[in-house]
Amino acid sequence: MSTETKVTAALDLAKIRADFPILDQEVNGRPLVYLDNGASSQKPSVVIDALSRYYQNDHSNVHRGAHELSNRATELFESARTTAAKFINASSEREINFIKGTTEGINLLAHSFGRKFLLKGDNLIISELEHHSNIVPWQLICAEREVELRVVKVNEDGEWDLEHFYSLLDSKTKLISTAWVSNSMGTINPVEEIIEAAHKVSAAVHLDAAQAAPHFIIDVQQLDVDFMSFSGHKVFAPTGTGIFYGKEKWLLEMLPYQAGGEMIKEVDFGGTTFNDLPFKFEAGTPNIGGAIGIAEAFKYLMNLDRVALQEHEDAVLELATNLLLEIPGVKLLGPRNNRAGVVSFNIEGIHPSDLGHLLDAQGIAVRTGHHCCQPLMKRFNIPGTCRASFSIYNTKDEVHLFIAALKKAIIMLK
Amino acid sequence: MSTETKVTAALDLAKIRADFPILDQEVNGRPLVYLDNGASSQKPSVVIDALSRYYQNDHSNVHRGAHELSNRATELFESARTTAAKFINASSEREINFIKGTTEGINLLAHSFGRKFLLKGDNLIISELEHHSNIVPWQLICAEREVELRVVKVNEDGEWDLEHFYSLLDSKTKLISTAWVSNSMGTINPVEEIIEAAHKVSAAVHLDAAQAAPHFIIDVQQLDVDFMSFSGHKVFAPTGTGIFYGKEKWLLEMLPYQAGGEMIKEVDFGGTTFNDLPFKFEAGTPNIGGAIGIAEAFKYLMNLDRVALQEHEDAVLELATNLLLEIPGVKLLGPRNNRAGVVSFNIEGIHPSDLGHLLDAQGIAVRTGHHCCQPLMKRFNIPGTCRASFSIYNTKDEVHLFIAALKKAIIMLK
Amino acid sequence: MASIKEIGQELIEEFEIFDDQMDRYEHLIDLGNALPEMKPEWKTEDRLVKGCQSTVWLYAEAEDQKVKFYADSNTVITKGIIALLVRALSEQKADDIIAEDLAFIDKIGLRAMLTSQRSNGLTAMIQRMKLYALGFKNAAQ
Amino acid sequence: MASIKEIGQELIEEFEIFDDQMDRYEHLIDLGNALPEMKPEWKTEDRLVKGCQSTVWLYAEAEDQKVKFYADSNTVITKGIIALLVRALSEQKADDIIAEDLAFIDKIGLRAMLTSQRSNGLTAMIQRMKLYALGFKNAAQ
Ligand SMILES: Cc1ncc(COP(=O)(O)O)c(C=O)c1O
Ligand SMILES: Cc1ncc(COP(=O)(O)O)c(C=O)c1O
Numbered sequence: 001m002s003t004e005t006k007v008t009a010a011l012d013l014a015k016i017r018a019d020f021p022i023l024d025q026e027v028n029g030r031p032l033v034y035l036d037n038g039a040s041s042q043k044p045s046v047v048i049d050a051l052s053r054y055y056q057n058d059h060s061n062v063h064r065g066a067h068e069l070s071n072r073a074t075e076l077f078e079s080a081r082t083t084a085a086k087f088i089n090a091s092s093e094r095e096i097n098f099i100k101g102t103t104e105g106i107n108l109l110a111h112s113f114g115r116k117f118l119l120k121g122d123n124l125i126i127s128e129l130e131h132h133s134n135i136v137p138w139q140l141i142c143a144e145r146e147v148e149l150r151v152v153k154v155n156e157d158g159e160w161d162l163e164h165f166y167s168l169l170d171s172k173t174k175l176i177s178t179a180w181v182s183n184s185m186g187t188i189n190p191v192e193e194i195i196e197a198a199h200k201v202s203a204a205v206h207l208d209a210a211q212a213a214p215h216f217i218i219d220v221q222q223l224d225v226d227f228m229s230f231s232g233h234k235v236f237a238p239t240g241t242g243i244f245y246g247k248e249k250w251l252l253e254m255l256p257y258q259a260g261g262e263m264i265k266e267v268d269f270g271g272t273t274f275n276d277l278p279f280k281f282e283a284g285t286p287n288i289g290g291a292i293g294i295a296e297a298f299k300y301l302m303n304l305d306r307v308a309l310q311e312h313e314d315a316v317l318e319l320a321t322n323l324l325l326e327i328p329g330v331k332l333l334g335p336r337n338n339r340a341g342v343v344s345f346n347i348e349g350i351h352p353s354d355l356g357h358l359l360d361a362q363g364i365a366v367r368t369g370h371h372c373c374q375p376l377m378k379r380f381n382i383p384g385t386c387r388a389s390f391s392i393y394n395t396k397d398e399v400h401l402f403i404a405a406l407k408k409a410i411i412m413l414k
Numbered sequence: 001m002s003t004e005t006k007v008t009a010a011l012d013l014a015k016i017r018a019d020f021p022i023l024d025q026e027v028n029g030r031p032l033v034y035l036d037n038g039a040s041s042q043k044p045s046v047v048i049d050a051l052s053r054y055y056q057n058d059h060s061n062v063h064r065g066a067h068e069l070s071n072r073a074t075e076l077f078e079s080a081r082t083t084a085a086k087f088i089n090a091s092s093e094r095e096i097n098f099i100k101g102t103t104e105g106i107n108l109l110a111h112s113f114g115r116k117f118l119l120k121g122d123n124l125i126i127s128e129l130e131h132h133s134n135i136v137p138w139q140l141i142c143a144e145r146e147v148e149l150r151v152v153k154v155n156e157d158g159e160w161d162l163e164h165f166y167s168l169l170d171s172k173t174k175l176i177s178t179a180w181v182s183n184s185m186g187t188i189n190p191v192e193e194i195i196e197a198a199h200k201v202s203a204a205v206h207l208d209a210a211q212a213a214p215h216f217i218i219d220v221q222q223l224d225v226d227f228m229s230f231s232g233h234k235v236f237a238p239t240g241t242g243i244f245y246g247k248e249k250w251l252l253e254m255l256p257y258q259a260g261g262e263m264i265k266e267v268d269f270g271g272t273t274f275n276d277l278p279f280k281f282e283a284g285t286p287n288i289g290g291a292i293g294i295a296e297a298f299k300y301l302m303n304l305d306r307v308a309l310q311e312h313e314d315a316v317l318e319l320a321t322n323l324l325l326e327i328p329g330v331k332l333l334g335p336r337n338n339r340a341g342v343v344s345f346n347i348e349g350i351h352p353s354d355l356g357h358l359l360d361a362q363g364i365a366v367r368t369g370h371h372c373c374q375p376l377m378k379r380f381n382i383p384g385t386c387r388a389s390f391s392i393y394n395t396k397d398e399v400h401l402f403i404a405a406l407k408k409a410i411i412m413l414k
Numbered sequence: 001m002a003s004i005k006e007i008g009q010e011l012i013e014e015f016e017i018f019d020d021q022m023d024r025y026e027h028l029i030d031l032g033n034a035l036p037e038m039k040p041e042w043k044t045e046d047r048l049v050k051g052c053q054s055t056v057w058l059y060a061e062a063e064d065q066k067v068k069f070y071a072d073s074n075t076v077i078t079k080g081i082i083a084l085l086v087r088a089l090s091e092q093k094a095d096d097i098i099a100e101d102l103a104f105i106d107k108i109g110l111r112a113m114l115t116s117q118r119s120n121g122l123t124a125m126i127q128r129m130k131l132y133a134l135g136f137k138n139a140a141q
Numbered sequence: 001m002a003s004i005k006e007i008g009q010e011l012i013e014e015f016e017i018f019d020d021q022m023d024r025y026e027h028l029i030d031l032g033n034a035l036p037e038m039k040p041e042w043k044t045e046d047r048l049v050k051g052c053q054s055t056v057w058l059y060a061e062a063e064d065q066k067v068k069f070y071a072d073s074n075t076v077i078t079k080g081i082i083a084l085l086v087r088a089l090s091e092q093k094a095d096d097i098i099a100e101d102l103a104f105i106d107k108i109g110l111r112a113m114l115t116s117q118r119s120n121g122l123t124a125m126i127q128r129m130k131l132y133a134l135g136f137k138n139a140a141q
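Chains as they are written, first to last, in our numbering: chain A, 1 to 414; chain B, 1 to 414; chain C, 1 to 141; chain D, 1 to 141.
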């Protein structure tokens, strides 16, 4: 991403790989090359161990408890929130809500923002490249609130058509929700520009950061973004975890989402009052273990040289792209540059699913299909793609293994 | 619960306790006596290890993947569903949905059943003893759908006033949602009778089984119950897990809840079609690790002699109750008999929160407060109670420690 | 004509020869290529078995009390799988097809590919083939 | 009059004597019992600090440039905690109260009780006491 000359810092990649026990195995007699990180990342030992340690020593329900274990669990849980706030540089813990994943974050926002702020005649903007999770909740709430759902087109390179965006944006636009990074193409969207333009017409912006959080150093205050959601399982954390960020001024006004224990101040059959932030949006016993796990993942990342890490990831992606482009008949989906983590492609005359099987037979894990982006696939008139997605622990050697395996597959399939 | 003569089977309690590593610790210089199982239970090593094993060996995103890890994760996840179906004797896996906890299950039902089947002029029945999570979602959906929320009174002993119930039940009753076991008193509600009565007027019944699942052998088919929710974290499983059961005939008709990946068949900006059961109600990447953990907890339970276990639990509860009743000034909340897992009480002239602190000082973990049952506390005109809640691993010795500590606390506070 | 079980055993043995997963796939692809051509006019909407990514056309005719299957797919691997099934089930008696548990499939050593197909293809294909058999059986009675 | 820090240190030392948590609580309860009585008419709604389970009344008067606190609670333990705070902060100068970080509290060895109070009581009590001090300070200027 950076335009300056890149100084390759001394990243101890062998150490990083050793932190992820799952990587050290064979699949179909070959060393596993895990290139399905866009779907879900692997977990470092510190995260796995934090879960075990918590359940072996400190587990209890949180808040309101007056005994030692409950206090320990509460401290661990709330300090996980502090870590999360630090990870995205939120101005306060009250802006951090633990969720089960990006999909829940978007559903929460659609409900709690939508039923409060969306009025008949308003409009809401998403784009053609969104993941289903950032499409369907908006379709439903827009239908309910009689609000127009406007869809920004992407150009041939799979990038936002900004001209089209500006033609859709107007004073009736209440919210823009888009992926920071496209999961099917890796495209990095111009979120700074989008946020600035949105704020000029007083529209709020939600970033689906599912694919961005594993790669970028996030600063919600600098971005000045109103809302952000991402999944823990894609940032080295356990499944069933995630972060929903909202500016306090919005969260205070929004309606609660799920109702039940924790998010309640007083219940009476005459009426119920809701709890303060951050509890207002966390109904029921939280995923305490999960929160501890996600905080551990954040700490793991923050302890690494993240600039060097990002340069490494970019270099790996660049190498994969270059080598792919040398293969006859290859067609990239998305832009040549300005991508993060993902390279998505097709080989002329070959079905991506066949590629997936033959790569797996050689120990290479990629994903094939529509990647939950059917509208985008329709836009490009393809059934799907073969997607290799990279993480901090992938190496250039693995890229070479992947390319060699791909070439072998192509020969067999042609 | 059983009325036959009880044959105390040879339960290896020492072995069971050894299965739960957290129990073996000191708190404030005394051996931990964990009597806060109603809030959350502890986890056996098999569950903790299943999580580690999964993340160390098999993790990947589920479904749609065409590589080895994804297949393994999918197999583990879907066989967890099969185990869950077996645990409650559901007739099919399609009736099992993984949720993050009871609260989510009830919110799901309120939304997906409520927005489909509740019509203006209908009514919905809950009771005075419900947990907030089984009150507030109904308040909200009833307000939205212009449906009357009827509340069954409880008698002085904290039991359903059945006469009042029958006076509320009519042909406009669409749903009854109640706790199987009260979390604040332990009362076992007459759910068989409630279900039978409900079905006579074609009303559906949802059981909040949060407190029942840790103690009872569940057979949803025999109960003929329409819906059931419970939390994993109270049945020896990780946090962030739970089971929502629904009869297929209902699930097929109900609206989806959260929208996004997994629960979608086809997305188009012209319209979206939803996936089949069980995926229809599982939007986004599921809590795969959590599902594996909850299945492991179910297997752990199913491998024990559950009848003997229940007799043991009943005997421990009975002992605690008897010894408590010998203490001057003690006032039980709830019925003398016909309780499961919980004994809730106050000592005249002493605030329950003071008791909680002084029990904790002696290593005894109980919970004090309103237990998320403010309406019930109002009904009995008390600020809260001190609640000791038992699980399979609690012993009669622990009951004696608890009673001795309680007596000491009372002396200090009087 | 060998029985379904015998053909299943044959297939297991054929695949056992290979140590390497790639060679197994190669053989599977060969099986697919050897599948008799399915006439384009047979590829109608109602003969389509829809999986997650791949599409299979499946057609059957009754011939001398036996069921003869024709199939094709838009992906090479799935074509191999359906070819496996056709080899085992085609030209067998309807009753035998209906009764067959196809246990041999799990022993062929293409676990990854087959598991991923299970939920969104393989099961549907087998079901469709059994339905054809059932249809012919009922028609014959 | 000793400074807040000195009283804090005194309290730490007083509690350090005890090995057993129960004895610490006993001492805390004694502190609560020794709290000067708060006149019933002072227990008004606006002097209430609401925690999760316990209720605290807190009132202050300015006396010779110093702030004098009065407090009571419906629970014995919380009364002990507020008594700790009153002992450290009462009859101190407003500026000192405002500036005090009360670090000694964490060293008193009543961790469990104090943590559970932190979110729903202790912080609110301290804040209220500082607000009183600020009020007097502003009034005096
Ligand atoms: C009867 C009852 N219902 C609902 C709940 C809510 O469960 P959870 O907080 O796990 O969502 C509880 C747990 O406290 C409960 O005891
Ligand atoms: C861009 C994007 N948005 C949303 C999601 C949904 O995330 P989850 O399935 O964890 O809820 C994903 C994950 O696939 C994604 O890549």
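Just so you know, the hints here were simulated from the structure itself, not pulled from any lab data.
By construction, the Cβ of each residue, glycine as well, lies at the ideal position given by its N, Cα and C atoms.
Certain hints may be false.
A few chain D residues that face chain B, going by a derived Cβ cut-off under 8 Å, partial list only [stated by the list, open to error]:
1) E26
2) S54
3) T75
Calculated pairs, DSS-like style, for lysine-lysine (alpha carbon to alpha carbon, straight line, at most 30 Å) [said to hold, decoys possible]:
4) K414(B) x K66(D)
5) K120(A) x K265(B)
6) K407(A) x K66(C)
7) K153(B) x K414(B)
8) K50(D) x K414(B)
9) K107(D) x K408(B)
10) K130(D) x K247(A)
11) K378(B) x K130(D)
12) K414(A) x K50(C)
13) K66(C) x K43(C)
14) K66(C) x K50(C)
15) K249(A) x K50(D)
16) K378(A) x K66(C)
17) K68(D) x K414(B)
18) K378(B) x K265(A)
19) K39(C) x K50(C)
20) K249(A) x K265(A)
21) K378(A) x K107(C)
Only some residues are given here: those of chain A computed to face chain B with a beta carbon under 8 Å [claimed, not checked]:
22) A18
23) I22
24) L23
25) L51
26) S52
27) R64
28) Q258
29) G349
30) S353
Going down the list of hints, with the structure as the test:
no. : hint              : result
1   : E26               : holds (6 Å)
2   : S54               : holds (6 Å)
3   : T75               : holds (4 Å)
4   : K414(B) x K66(D)  : violated (35 Å)
5   : K120(A) x K265(B) : holds (29 Å)
6   : K407(A) x K66(C)  : violated (43 Å)
7   : K153(B) x K414(B) : violated (34 Å)
8   : K50(D) x K414(B)  : holds (24 Å)
9   : K107(D) x K408(B) : holds (26 Å)
10  : K130(D) x K247(A) : holds (28 Å)
11  : K378(B) x K130(D) : violated (34 Å)
12  : K414(A) x K50(C)  : holds (24 Å)
13  : K66(C) x K43(C)   : holds (22 Å)
14  : K66(C) x K50(C)   : holds (26 Å)
15  : K249(A) x K50(D)  : holds (25 Å)
16  : K378(A) x K66(C)  : violated (42 Å)
17  : K68(D) x K414(B)  : holds (29 Å)
18  : K378(B) x K265(A) : holds (15 Å)
19  : K39(C) x K50(C)   : holds (19 Å)
20  : K249(A) x K265(A) : holds (20 Å)
21  : K378(A) x K107(C) : violated (38 Å)
22  : A18               : violated (13 Å)
23  : I22               : holds (6 Å)
24  : L23               : violated (10 Å)
25  : L51               : holds (6 Å)
26  : S52               : holds (5 Å)
27  : R64               : holds (6 Å)
28  : Q258              : holds (4 Å)
29  : G349              : violated (19 Å)
30  : S353              : holds (6 Å)
When held up to the earlier numbered hints, the structure conflicts with 4, 6, 7, 11, 16, 21, 22, 24 and 29 and fits the remainder.
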